[in-house]
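Protein sequence lines, in the order shown, are assigned to chains H, V, L and Y.
Counting from 1, one number per residue, gives the positions in the first sequence under the numbering used here.
Counting from 1, one number per residue, gives the positions in the second sequence under the numbering used here.
Counting from 1, one number per residue, gives the positions in the third sequence under the numbering used here.
Counting from 1, one number per residue, gives the positions in the fourth sequence under the numbering used here.
Because the hints were derived from the structure by calculation, they are not lab data.
Hints should not be assumed to be uniformly reliable.
Stated by the list, open to error - The calculated lysine-lysine pairs, modelled on DSS-like cross-linking and capped at a C-alpha distance of 27 Å, are: (1) H/K469 to V/K162; (2) L/K256 to L/K19; (3) V/K601 to H/K399; (4) H/K476 to V/K601; (5) L/K53 to L/K127; (6) H/K479 to H/K501; (7) H/K469 to H/K479; (8) H/K179 to H/K232; (9) L/K150 to L/K502; (10) L/K132 to L/K150; (11) H/K501 to H/K399; (12) L/K86 to L/K24; (13) L/K542 to H/K70; (14) Y/K98 to V/K55; (15) H/K304 to H/K70; (16) H/K70 to L/K19; (17) H/K399 to H/K304; (18) L/K542 to L/K86; (19) H/K479 to H/K399; (20) H/K304 to H/K476; (21) H/K179 to L/K154.
Stated by the list, open to error - Residues from chain V that face chain L, not an exhaustive set, calculated with beta carbons under 10 Å: (22) G356; (23) N358; (24) V361; (25) S613; (26) M614; (27) T618.
No residue lacks a Cβ here, since even glycine has one placed at the ideal position from N, Cα and C.
Listed below, chain by chain, are the residues.
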Amino acid sequence: MSFPLLTVTAALPAVGAIATAAVPAAKRTVAKWSALGFSVATFVLAVIVLVRFEPGGERYQLTESHAWIKDFGVRYELGVDGIGVSLVALTALLIPFIIAAGWHDADPLEDKNPNRRWRPTQGFFALILAVEAMVVVSFEATDVFLFYIFFEAMLIPMYFLIGGFGDQAHEHGDDEAAKQRSYAAVKFLLYNLVGGLVMLAAVIGLYAASADQLGHGTFSLQEILQARAAGKFDLASSTERWLFLGFFFAFAVKAPLWPLHTWLPNAMGESTAPVAVLITAVVDKVGTFAMLRYCLQLFPEASKWATPVILVLAVISIIYGALLAVGQRDIKRLIAYASISHFGFIIMGIFAMTTQGQSGAALYMVNHGISTAALLLVAGFLISRRGSRLIADFGGVQKVAPVLAGTFLIGGLATLSLPGLAPFVSEFLVLVGTFSRYPALGIIATVGIVLAALYVLVLYQRTMTGPVKAGVEGMKDLKVREIAVVAPLIALLLFLGVYPKPLTDIVNPAVGQTLSDVHKTDPKPALEATK
Amino acid sequence: MENLIGLLVAVPLLGAAILLTGGRRLDRIGHWLGTILAAVSFGIGAVLFFDMLGKSGEDRAMYSHLFSWVPVGGFQADIGFQLDQLSMTFVLLISGVGTLIHIYSIGYMEHDERRRRFFGYLNLFVAAMLLLVIADNYFLLYVGWEGVGLASYLLIGFWQNKPSAATAAKKAFLVNRVGDVGLSIAIMLMFTTFGTFSFQPVLAHAGDASEGKLTAIGLMLLLAACGKSAQVPLQSWLGDAMEGPTPVSALIHAATMVTAGVYLITRSGAIFNGAPDAQVAVVTVGAVTLLFGAIVGCAKDDIKKALAGSTMSQIGYMIMAAGLGPIGYVFAIMHLVTHGFFKAGLFLGAGSVMHGMNDEVDMRKYGGLRTYMPVTFITFGLGYLAIIGFPGLSGFFSKDKIIEAAFAKGGTEGWILGGAALLGAAITAFYMTRVMLMTFFGEKRWEADAEGHEPHPHESPKSMTIPMIVLAFGSVFAGGLFSLNSSFLKWLEPVTGHEEGHSPLSATTVTAGTMVVLVIGVALAWLMYGRRAVPAVAPRGSLLTRAARRDLLQDDFNHVVLVRGGEHLTRSLVYLDHSLVDGAVNGTAAGVGGLSGRMRKLQNGYVRSYAVSMLGGTAVLIAATLLMRAV
Amino acid sequence: MSGTAVHSLWTMAAPAADKIPAPKIEYTQLSPVLIVFGAAVVGILVEAFLPRKSRYLGQIAVSVIGLAAAFAAVVALAARGYGTTKAHVAAMGAVAVDGPALFLQGTILLVGLVAVFTFAERRLDPKAHGRKVDSFAAQGSAVPGGDAEKAAVKAGFTTTEVFPLLLFAVGGMLIFPAASDLLTLFVALEVFSLPLYLLCALARRRRFMSQEAAMKYFLLGAFSSAFLLFGIALLYGYAGTVSYSGIAAVVDGTAKMTPALAATTGNDALLLIGTAMVAMGLLFKVGAVPFHMWTPDVYQGAPTPVTGFMAAATKVAAFGALLRLLYVVLPGMRWDWRPVMWGVAILTMLVGAIVAVTQTDVKRLLAYSSIAHAGFILAGVIATTPDGVSSVLFYLAAYSFVTLGAFAVVTLVRDAGGEATHLSHWAGLGRRSPLVAAVFAVFLLAFAGIPLTSGFAGKFAVFKAAAQGGAMPLVIVGVLSSAIAAFFYIRVIVLMFFSEPKPDGPTVAVPSAWTSTAIGIGVAVTLALGVMPQYFLDLADKAGVFVR
Amino acid sequence: MNPVNYLYLAALLFTIGAAGVLIRRNAIIVFMCVELMLNACNLAFVTFSRMHGNLDGQIIAFFTMVVAAAEVVVGLAIIVTMFRSRHSASVDDANLMKL
């Protein structure tokens, strides 16, 4: 048996979570360094995974397979394809930054909580690592049930992160902030739990269907795919559609897709910036990733059947999210709505069912993760300095903190997909991929590009430019730790904008296989002028 | 040689990177570094140019393929360059004028504490603009296209503390984005039509595609050009863009960036040639804009805004020429280059005036400056003569050719276009004379400002006047040089192609007509602003004047329809998101809660009522069981 | 003269009747039950003969040893194959010794054992007159607040009778799911119910509520057992026998026909009404809607350790009996009872979940939650497949430990008036006592069926069985009500972790090793069954076959 | 006499008992009504025993009596304790716990 690299990659942050949680209450700094250390070590492992992964090789690589719950037909099966490995790497990459950015976010207010057993710092970092472990497993799992378990379980640490460690800043004081925070946490959990429970029904249905057709219930993706290839697994179209809807609903809540999106602005608005990054850049990616992996691969016919509706919803998400972003008064909520718009792009790319669309969507997941992380983390630094999230409380920041303003602008430009930065490549691929099959939708979606410029630049203008507002005068520029958090992300955005080929090489074969699963080929150009 | 092409972009880009990340320690040398790197880029351009001259006309194009950029299925985007005569023209213009303006800025921005950053942005702009013109495919061109937009955004809003500057920057970027959407859709259309978006295959096979497709692509390219080149209906940003430092206005918003639309249309000539409907659209946009800009230029008291209107108008000429097809491409580019010289010179002159006048921009507060700043006066004057088309100067040659070509379009269309071009020439003469008179002639009209600082007009330092002088040379001689032996035509023809039109009027007639309208325009201006004293406060003016001062109400339209409408839309959506989308879910939750509250009441604590429910339940159970059997 | 001779002077021998054969009782196979009853009797003797001081420890020793020994006996029986190959009906057809019976007996014994730990807790209540006291009234018969009670408290009386009562209840519960004829079923029901009625009345604090709970439980329980009994009578009338196999044979039409039988079986109403009434008796015990109304009141009023025991063990026993009834006696008429049970299951899931949403008392909340869970289990019961049986067995095992643990935690949160069960008192518990709050959160998450807890594995198992049994709509309703249920579990978590603690809020008492062990076992089982359920699923699978 | 009539009587008694539980307030009487229901069951058992010609029903009747007796012991204990603490045997007075 070969070395269980994937398991170790997922287990290390879990171990880290336990170790961090176990640090005594007084040794907060130890807890922080422990968390950072574990996350960096995880990143190293993820890089090893990335290196060991051979683009163009087997569909699922570095596989591991063990019996787990025989009765439920559940196996402990891991394996990564190009998209999975990219997202594992993204997750492992972002967590150290999230931890470093949140270095002081969970320092307890001594006077407020004299209880010595209360250990928020340890809890905060342990929870982040726990989320990382669960997300990594979700990206690695090739067993539907295994995936589902971690898909659901990650809600719990996320829930505590949102509800337990929100921004203290609120216009109506701490009590109101606490109330809003717990509302946001509950909303997050309920939305996702309901989605997950609907999916549970479909998971059970899948078991029943596979038991019916194969003689034994199974959740193994590979086994199902092989059985289908051999003609042994063929769902009735109504069954397939119901199951598809069950799965898709959960992923659409997580992603989130309009009109299931309203939890995201609350969750991101009330949580601290690093946690907001964790939500939108990491956890939500599980939703879109799962659409690509599970919806399309398990239910190809139903996916095609649902495509028109999903595409329309995606386009609505794009424009609706962008319009609402324009109308926000709160920096983080604005970014949240922008994310909704971006998730619309990702979903549109997935369901356009073209090479460009899906590769673009896969790239988009990675790029959006990095760009939103950059923007949100800087926004977090900004917010923590002023103690307010309201756009109206800022103005003229670039005068007093030019580096902060500059990094914020770059994050914003990445968000509006400026060419030369990574998100541009993916956004254009998604658009062109959609356009080549559904020209009208592709054109409508371009409105989102204009609106993206609007919300980003309005945000920048109102916060950073103009005369220096009261309350902003003494603002300090970014500290070394903060620059160290943001600079690598920006560098990565630039690098992937100019040279995304390493990523496309990894992603393309996986996309090709998915498309052949759904029996779709790219539309041919009207005339072949290339050669 | 080909390997040098990439350096054109790389050198200024490096400069931008160093200057923007280098921090304060580069403050003292930053401006020199930026200028040198721009000059290096120009040097490389020059080397390549002479190399190119050594080859025959058809073989002059050079290609350089760096690496595969975005390879996804049929979508193969590469980082590759194509340097042919058209690109070369732009390279020299951009890096040349760019270098001059770098030099000028050293003096102009001397007292600005953020000068290093300014040079960083300038370098960034030069890099992006060069990338735009040497890209070998539309997708890479798009990068340069948005890159110059970004640089423009940063530079317009350079004085970010001024809310008006920040707003103007944002507006410029947004309006440009609308145009950019056109470019991206055009690229997508090319991809679905040709399977590629590289210049060579697309342009070579343009003839094979259906006219409908070509028209669509052409219209989308036109949309892009409208945004970047401030053509109606996307022209509104250019006037506001004058909030930026004047060198920026000279480089970006006069000489180079705003002409990118002309480049795009000329570059895509093969597409437009196959799409007559799109060409009609192009010439219409061009003709409308050349009049629109000219009218706006007449009404502005802000010297830079008057020049901005003029820029718009002049680019209208170029766009119109480009829309004429092979009869116009070369002249569009020729006018573009000469315009680059004289308009840059005019802006630098305006900047020089402002520099001496405590940054006052209102021409009504100038007057009689010719004695205070003679160099500025002379260089500005030469630029003025060039733009109005004074015989022998640059503008004369290039503009005249365009008017001729417009008539040569033939038919009613030709008459309309030619007429518009002539009318435009008259208005140009009028408003430029107005600027000249109000600024340099008449009595001094400046006063102390509210804080009692009276401006002390003075000539600008050498670093500023030398670029102005150089540009003045260009304004004077470029046109003649290009027309000599039709050298410019021969230079560009292998790339753009050329046809002689069939003008209903002879060249002499056109030239004579042009002279007539020129004289009328100048005379009218002299009557209004030379003979009479210019009031320090603008008179109310006619309806048209007032409309022209407000950019012919286009901004008001935008404000009411787009801004207000958009605000209402977003506000109502925010409300709906909360009340409807969120409300539906919260409502369900509240519904469950209400149901729960009501069902809870059944649990009333009386054991007998519990017994009743048990008995009733049993009865139902029995009945249901019996019923099941009966069914 | 011998005695016989004298005797024969005034008597004469009757004609020799047929010899009544001595009943054949398989004592070893019934040993779990016998051990427990034996221990209970010993407990009574302890109560009678040991001095007051040593009773407490004596009772604990007897209970723990008795229950452990019984559990060992169950394990031994299972190891010897009585759960699978050697399964049969013992004691002249009265008691089944088979997989489900042994599995459930094992579960009940473990639950009982853990419950003994919580009964034994004496550190939570403040000392009264220098003596440690437990959760039970000093003297059950004394008037609350009266002089007699004060005197009893002062004298240090404790109601150590609770231990034998618990043992008797456990004994009855052991027989209940194994009962193989209706009479045994009825007797077992009463045997475990009567001690529970008494236990309910014995709370140390809030005695009015405790007595009220006992009264309600008793009256309604007696009422329902009357229905059960009448149902038994009707079934007896239909089949002429009360043995499960006998009735099943009649229902299936395989029994030997007698004229009397022909007369009664002609009347299906007897069978159907009888079935409905017996089912009602069992549904009352599991707390299914509309027979659930006793649950919240009794759970709230009873002493919390008793509530925990009752909620866990009663449910196990009652579902065991229900399973046996439906799978052994009535499979022949499943087309009649399945739709009806569908209705009950749907109603139970929804009502339990919905009404719980607005509860303000943690014990009542858990009561309604138990109702919703009864609905989920019913979904598995309805599957009528081997998977259905094993999934229900697994669910019951998983659920009972979560419940025990949760109620054990409830005993820890106290203020001056005893346990602080009002939810508003739980605000900020996570700040004051992160560990207790975290443990309770684990139990709540298990109730909510979050993956990696036993609740999820159990829920998945029953829903899977239901789906395979063709009850997909039930699964969907189940999923919906899980979503509603999740809402109120989360509400409690929010309250504990995200609300500011009240300044005069309750304190978390530090328990002795007894309760700690009980809670620890609860957490361990919850997580073990969540992460590594396969062993237990195997066990439930193997145990999933009834004997008839 | 047709044994079925006894069954009717049993059903009638059972119904009277059930109605009594629902109608009467005094806990003792409620309890007596439950006992009446149990007796109705006994009657049914004996009748069926007779109809089927086996003794099972009669034996069950004895068991029922024993169980009912045990129930009385426990039930009266509870009711009497209740009465002592509240000075009321009305079941309606006991509704501290509701909703």
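*Please work out if H/K304 and H/K70 have their alpha carbons no farther apart than 27 Å.*
violated (33 Å)
*Against chain L, with CB atoms and a cut of 10 Å, does the hint on V/N358 hold up?*
violated (59 Å)
*Does the structure keep H/K469 and V/K162 at a Cα separation of 27 Å or less?*
holds (13 Å)
*Decide if the proposed pair is consistent with the structure: H/K399 and H/K304, CA atoms, cutoff 27 Å inclusive.*
violated (53 Å)
*Tell me if V/M614 is really an interface residue toward chain L, meaning its C-beta lies closer than 10 Å to one of theirs.*
Since the shortest Cβ distance to chain L is 5 Å, the answer is holds.
*Should the hint that V/G356 touches chain L count as held when the rule is a Cβ pair under 10 Å?*
The hint is violated - V/G356 has no Cβ within 10 Å of chain L, the shortest such distance being about 65 Å.
*27 Å Cα cutoff - pair L/K150, L/K502*: Judged against 27 Å, a Cα distance of about 32 Å means the pair is violated.
_With the threshold set at 27 Å, check whether the alpha-carbon distance from L/K132 to L/K150 stays at or below it._
holds (15 Å)
*CA of L/K53 to CA of L/K127, is that 27 Å or under?*
Since the Cα atoms of L/K53 and L/K127 sit roughly 16 Å apart, the hinted pair holds (cutoff 27 Å).
*Holds or violated: is the Cβ of V/S613 closer than 10 Å to a Cβ in chain L?*
Interface hint status for V/S613: holds (5 Å vs cutoff 10 Å).
*Restraint status (C-alpha distance of Y/K98 to V/K55 at most 27 Å)*: Outside the cut-off at roughly 100 Å; violated.
*Quick one, are H/K469 and H/K479 close enough, alpha carbons at most 27 Å?*
Cα-Cα ~21 Å, so holds.
Of the numbered hints stated above, those contradicted by the structure are hints 3, 4, 6, 8, 9, 11, 14, 15, 16, 17, 20, 21, 22, 23 and 24, listed in ascending order.
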